[in-house]
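Colleague: Mind docking chain S with the ligands on chain V? Use the hints.
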Amino acid sequence: MTTTAPAPAEGPVGRPLDRVDGHAKVTGAARYAAEVPLPGLTHAVLVGARVAHGRITAIDSTEAERAEGVLAVLTHENLGKIAAQPPLLPSLAGSVAPGETFFPMQGDEIHYAGQHVALVVADTYERALYASRLVRVSYAEEPSVTVIDQGRDQAYEPEAIFAGFIPGRTERGDVEAALGAADVTVDHTFTFAANHHNPIETSAATAYWEGDRLTLHDTTQGVTATQHTVAALLGVPHTRIRVIGHFTGGSFGSKAMVWHHPALAALAARKVGRPVRLALTREQMFVACGHREEQEQHLTLGAGKDGRLVALRHHKLSPTSPFDHWAEPSLGVAGQMYACPNYEGVYRLIRANTTTPTFMRCPGEATGLFALETAMDELAELVDLDPLELRLRNYSESDPASGRPWSSNGLRECLERGAERIGWERRAAPPARDGDWLIGLGMAATAYPVYGPNNPQRARARLYADGTAVVQAAVTDIGTGILTVMTQVAAEALGLPVERCRFEGGDTDLPNVAAAVGSSGAGMVSAAVHAAASALREQLVARAVADEGSPLHGADPAAIDVRDGRMVLRDAPGTGEDYAALLQRNFVPDVEATGSWGPPPHDAPFASMTFGAQFAEVAVDPVLGLVRVRRLAGAFAPGRVLNAKTARSQLMGGMIWGLSQALLEATHMEPATGRWANASLGEYLVPVNADAPDVDVDFIEVQDTVVNPLGVKGVGEVGQAGVAPAIANAIHHAIGRRMRKLPITIEDIVSGG
Amino acid sequence: MTVRTPDTGTEHKGTGPEAGDRGPGPVKVRLDVNGVRRDVEIEPRVSLLGALRDELQLTGAKRGCDQGTCGACTVWVDGRRVLACLTLAITCEDAEVTTVEGLAAPDGSGDGQLHAMQEEFIRHDAFQCGYCTPGQIMSAVGCVREGHAGDDREIKEWMSGNICRCAAYPHIRAAIRAARDRV
Ligand code: FES
Ligand code: FES
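Just so you know, the protein sequences line up as chains V and S, in that order.
UniProt numbering puts the first residue of the first sequence at 1, with every later residue one more than the last.
UniProt numbering puts the first residue of the second sequence at 1, with every later residue one more than the last.
Rather than coming from a laboratory, the hints here were simulated on the basis of the structure.
Note that the Cβ used here is the ideal one computed from N, Cα and C, for glycine as well.
You may find that some hints are simply not true.
Label-pair ranges, simulated between beta-carbon atoms [what the hints assert, rightly or not]:
1) Gly23/S / Gly273/V: 27 to 33 Å
2) Asp149/V / Leu86/S: 34 to 40 Å
3) Asp78/S / Leu626/V: 37 to 43 Å
4) Gly68/S / Asp696/V: 33 to 39 Å
5) Glu499/V / Gln113/S: 47 to 53 Å
6) Glu96/S / Val470/V: 56 to 62 Å
7) Pro26/S / Arg213/V: 30 to 36 Å
Chain V with its partners taken away, still in its complex shape (with noise of 0.2 Å):
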């Protein structure tokens, strides 16, 4: 690893550009996937099973089909059934694709309250929306789990979870032993609350076929993904379904898996012979996306009287899915924060009525996260350690799960910016008061794996005669700002202008890449644009250099640059000539390169981790209950930043996030029913602008040469992590009290102090 100043950046990447795609956001031009207008559109909607397990024993929808407008009632009985269930990834890796392995309306059987039991096509909207509630469902019902206390003791331990990737049981050294040695303990069960993406563009697809080829618009964090999913489901080859998905109203995970509503709407169409848009209501939501699952951690702690971890055992408990053996890796980066070396990780499972639990953003990291950082500032306190100080002293090097070294690393120097920022020195003095108000400063350290796609990512360059480049990828930008700073990279490496460059998006007829997914977009696609842009580049030059009318003719391309579309002689800056003049003299209207990049393979002799350090003020009411975060430091080491303006806002977004987990989310579950209690934006509370602080981002620059080629580690989500546990030390420094349940609500903080 290596630590530098931040280099003065003197080409466009790294530049904090203004978002390409600003003027269509802000101006209502860009059009999300159900607001494309379509001639003959027909709107769909979704019925839900009412219980929450059990079978259907009667449908009847003559009185839907009746209603006005009403062109079609899709239920179980006239569907038809599915083609295959589709991979998790086109290599095949892995298994069924979690959330997939189930595909609703293929019999009577119902799993979850909320399973699509039926879909009404009509011509407008409101009709499809009223007949819905037309369709009369009876049912069988059977009792239901869908809560850990209901099937505590149907607990199992998967051999695997997350699609068959991570071993259900982890371990090195002797927990037993060590934590029998360990001259302290620290051993407590943490809980957390379900939480919900709740992205405010709902999902949503709209489907038209044209003879046997399918066009989907579709709200998605991958349209390859999307259209592998679809062609599996539908049997229809990949060469005949296009995706396309220029812009996603936020996801945080909900769409990163395909969910059922793509193919619904697909089948759907081909039914009514007209276009069909789809999209989910805010409630559907809650059941037809996936979810982060409630879960408890039981995490124990053994240390020397120096501090310095001898052991950590965590296991986790957690309800799935009938289908799938899915919990989100807690258990991962918590595990290797750290040096020590004894460890044991289980995850344990409870079969429940519920959809298959999916990614969230930060899925594992922020509850495993705060179960570790909270239990790292108790024990900072049972050793009279300063917290800050008890982290630099468990520091590693290298990953204590591999043994590899960090491909780069700036942990050290994230803890010491942030502390710097918020004012840590004042941590040492007891809580200072406001009026009614206590306040409390807390910290924890940040992490978050760098994932690199099983397959090589492509991109296309053209440069056209009249010195304008297009660049391509099949890449969808749901708010990361990865339209930019391709932009940024194709320019840079093609030596234009970022304004005489365009890059496109969001279209499987595009070069392939995986959907930005693990924070991992940046990284891969970046990867693939450098390779092709700069494979247009030497094209170009070659060109040049053969070229007898060329003032470069017969010079070393190795010696000559590209500025503002201009090849030039690195040592005599004066000969040279633009790209477009040589084209034009040619009578060559374009020139063309694509580029791919494939990852490092897994074996790779590094372990690689994206590092931060997270700070909190908080300001406490012991007496109402109230807590105010005040403010938020970060400090974070993401590699190269491509964009310092749309980093700092996913990472600025990501730390609010990690405070609305500690003090604002949970989806409250009614066991009497299996249904969720609180469906809806007004019930499942988010932050509002009054909710939200300042934050304080700051970039502690690292360079890693091994990730991909322009060492970007992500932004996505590291931000997140760490947040609630900051602000649980916080709340502990201001009254003295633990908080190990997420949220954190007035209850907790007025109940036995």
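Modeller: Showing chain S with the ligands alone in chain V's frame:
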């Protein structure tokens, strides 16, 4: 003319001479949107949001919840910010409706200028996915015009009807501060 409300069965005076003739089937509704008279043929139960999005293809007003909880559908009716999902289109017949498309023409026509608030939203990166953004902008301009943007505390309070799940809030406040004196 009388109408019968389904829940009580009591009879009320109609709101206009044609009230009983209008619905439940599609009726002609006169709307004035962004200064242009637009006639649509819709059922009286269609919300202003539905009419704008599905009939007029003005999809700047977003559907985030359809139940008044997110603010993504915020437009102005007679200059006041309203939730289009909770407003029936037919009740807007004698009103002026303004959507984000009325702040600046999205196709670059008109004078080609963005509204100051739109410019500051871009400059301050006051959005990520952009889905809440038209609603935020309509609300933000309303907030300034109402005199509720004096300081951050006030902005926080009077902008809390618009959820941004990407959590661009600090940047939304920065954009409003910057645009405040230009609106
Ligand atoms: S769509 Fe109107 S408030 Fe959410
Ligand atoms: S920008 Fe995504 S919800 Fe506000």
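Colleague: Hint numbers the structure violates, sorted upward?
Modeller: 5 and 6
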